[in-house]
Each structure stands twice: as C-alpha cells, then as structure tokens.
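Asker: Work out the full structure: start from the sequences and follow the hints.
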Amino acid sequence: MALAPTSENGNADDRPRIDRPIVLVGLMGAGKSCVGRKLAESLALPFLDSDNEVEEAAGCEVRDIFEVYGEPAFRDCERRVIHRLLQAGPSIIATGGGAFMDPATREQVKSHAISVWLRADPEVLYQRTKRAKNRPLLANEDPLQTLKDLAEQRYPVYAEADITIDTGNEGLEKTLQKAIDALKESATSDKTS
1 MALAPTSENG NADDRPRIDR PIVLVGLMGA GKSCVGRKLA ESLALPFLDS DNEVEEAAGC
61 EVRDIFEVYG EPAFRDCERR VIHRLLQAGP SIIATGGGAF MDPATREQVK SHAISVWLRA
121 DPEVLYQRTK RAKNRPLLAN EDPLQTLKDL AEQRYPVYAE ADITIDTGNE GLEKTLQKAI
181 DALKESATSD KTS
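Residue numbers are given in this note's numbering: position 45 of the sequence shown equals residue 45, and the series is strictly consecutive.
Note that these hints are calculated values from the structure, not bench results.
Values in this document were obtained by computation on a predicted structure and should not be read as measured data.
All C-beta atoms in this analysis are idealised placements derived from N, C-alpha and C, irrespective of residue type, glycine included.
One thing to keep in mind: the hints can contain errors.
[Stated by the list, open to error] List time: in silico DSS-like cross-link candidates among lysine-lysine, alpha-carbon distance up to 30 angstroms:
1. Lys-148 - Lys-174
2. Lys-38 - Lys-178
3. Lys-184 - Lys-110
[As the list claims (entries may be wrong)] Each pair of labels, with its calculated beta carbon distance range:
4. Gly-89 - Gln-145: 37 to 47 angstroms
5. Asp-181 - Asp-121: 31 to 41 angstroms
6. Arg-84 - Asp-121: 30 to 40 angstroms
7. Val-68 - Glu-185: 36 to 46 angstroms
8. Ser-111 - Glu-185: 30 to 40 angstroms
9. Asp-19 - Asp-149: 33 to 43 angstroms
10. Arg-15 - Asp-142: 41 to 51 angstroms
11. Lys-174 - Arg-131: 17 to 27 angstroms
12. Ser-111 - Ala-73: 18 to 28 angstroms
13. Arg-17 - Tyr-69: 32 to 42 angstroms
Answerer: Written out as structure tokens, the structure reads:
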C-alpha cells in the first residue's frame with residue numbers, strides 16, 4: 001500500500017492508495033457496514049458486504065440460511081463468497097462476524113487483503129444491535145450474554161488482524177477518521193520496511 005500521489009492542483013492527496021482489498025472484521029454491531037460504506041466513499045473504492053453477497057448467491061436471507069440449512073452451510077457459502085470478493089481487486093469488504101473465525105477464510109484474508117478489526121465492548125454492541133431483527137445469533141433470551149460469549153471466543157482471533165480500531169461510543173465520523181489514519185500509518189510503515 002502506498003500514499004496517493006500529489007493531485008493535479010499541486011496539493012498532496014494524503015489518502016492512502018489501496019492496492020488490495022481492505023477487509024473489515026468484528027462482532028455484529030461493530031460498524032463494519034456503516035464504517036465500510038463511508039470508508040469506501042472516502043477512498044473512492046467499491047463497497048462490498050459479504051452477507052449481502054451471500055444472500056444474492058443463495059437467493060435467500062442469511063437468517064433463512066441459518067434456519068433451513070444451519071450455520072455450517074452458511075459458513076461454507078460465506079467462505080466461497082469472500083474468496084471471490086478478494087479476487088476483485090481494491091475494495092472495502094464488510095464481513096459477517098464469524099467470517100474471520102474460519103481458518104481458511106482468515107488465511108485468504110491475510111494473504112490477499114489488509115484486515116481491520118473494528119473493536120467495541122459487548123455492552124456497546126448490544127446497544128447497537130438490540131432492535132435488529134436480522135441477527136440470528138442474537139435471537140435468544142439473553143443477547144447481551146451471547147455477545148459477551150462471542151467476544152470471549154472471537155476477540156483473540158480478531159486480534160490477528162493487521163489493524164485494530166476501537167469504535168467504542170464514538171460517532172461514525174471519528175471512527176472513519178481513525179480508520180483512514182491507521183491505513184495511512186500502515187502505508188507509511190510499509191514504505192519504510
């Protein structure tokens with residue numbers, strides 16, 4: 001990854017130039033889709049959502065795949081879709097919360113993309129997701145405990161991402177700026193390595 005060149009008017013364009021996909025990972029509610037769309041807009045890259053792409057490939061919604069075929073079938077479809085998305089060139093890819101947990105998917109992401117973990121405490125994630133109807137893993141009596149359990153299982157794996165951004169209770173614009181700054185820093189360290 002390199003910094004973008006000087007623009008035509010002579011001002012340095014300090015946006016990072018992206019030469020491969022940026023894959024956003026994290027638990028549901030971390031902001032992968034919201035931050036991803038804004039990041040794609042800021043970097044003039046296409047935005048891709050792996051859950052939407054899975055739904056398109058399967059011809060039904062994620063929750064229906066879970067209910068009818070089970071989580072293993074969903075993860076298999078998700079793995080194949082993410083593999084395809086990684087071949088599409090520079091883009092911003094928002095993944096489902098469990099995608100990075102799959103060793104084959106994680107290895108593909110590590111080999112072909114820049115991974116960015118959007119991290120937040122389970123209590124914050126609960127506040128963001130408690131009204132959502134499209135979260136099959138939270139369709140139970142204690143969704144907060146489910147998020148805590150998922151965080152305990154998944155955070156050590158998410159920590160393998162190239163970049164970690166704490167989203168906390170900060171707004172979208174502040175998280176977006178953190179992401180851009182982290183990508184710039186990553187580009188600078190790549191140049192000096």
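Asker: Does each hint fit the structure? Answer for all of them.
Answerer: Quick rundown of the hints versus the structure:
1. Lys-148 - Lys-174: Roughly 25 angstroms between the alpha carbons, so the hint for Lys-148 and Lys-174 holds.
2. Lys-38 - Lys-178: holds (12 angstroms)
3. Lys-184 - Lys-110: Roughly 19 angstroms between the alpha carbons, so the hint for Lys-184 and Lys-110 holds.
4. Gly-89 - Gln-145: 37 to 47 angstroms: Holds, at about 40 angstroms.
5. Asp-181 - Asp-121: 31 to 41 angstroms: violated (22 angstroms)
6. Arg-84 - Asp-121: 30 to 40 angstroms: holds (33 angstroms)
7. Val-68 - Glu-185: 36 to 46 angstroms: holds (44 angstroms)
8. Ser-111 - Glu-185: 30 to 40 angstroms: Check failed, 22 angstroms falls outside 30 to 40 angstroms.
9. Asp-19 - Asp-149: 33 to 43 angstroms: 37 angstroms Cβ-Cβ, so the 33 to 43 angstroms window holds.
10. Arg-15 - Asp-142: 41 to 51 angstroms: Holds - the Cβ-Cβ distance for Arg-15 and Asp-142, about 43 angstroms, lies within 41 to 51 angstroms.
11. Lys-174 - Arg-131: 17 to 27 angstroms: holds (23 angstroms)
12. Ser-111 - Ala-73: 18 to 28 angstroms: holds (25 angstroms)
13. Arg-17 - Tyr-69: 32 to 42 angstroms: For Tyr-69 against Arg-17, whose Cβ atoms are near 40 angstroms apart, the range 32 to 42 angstroms holds.
Of the numbered hints listed earlier, those contradicted by the structure are 5, 8.
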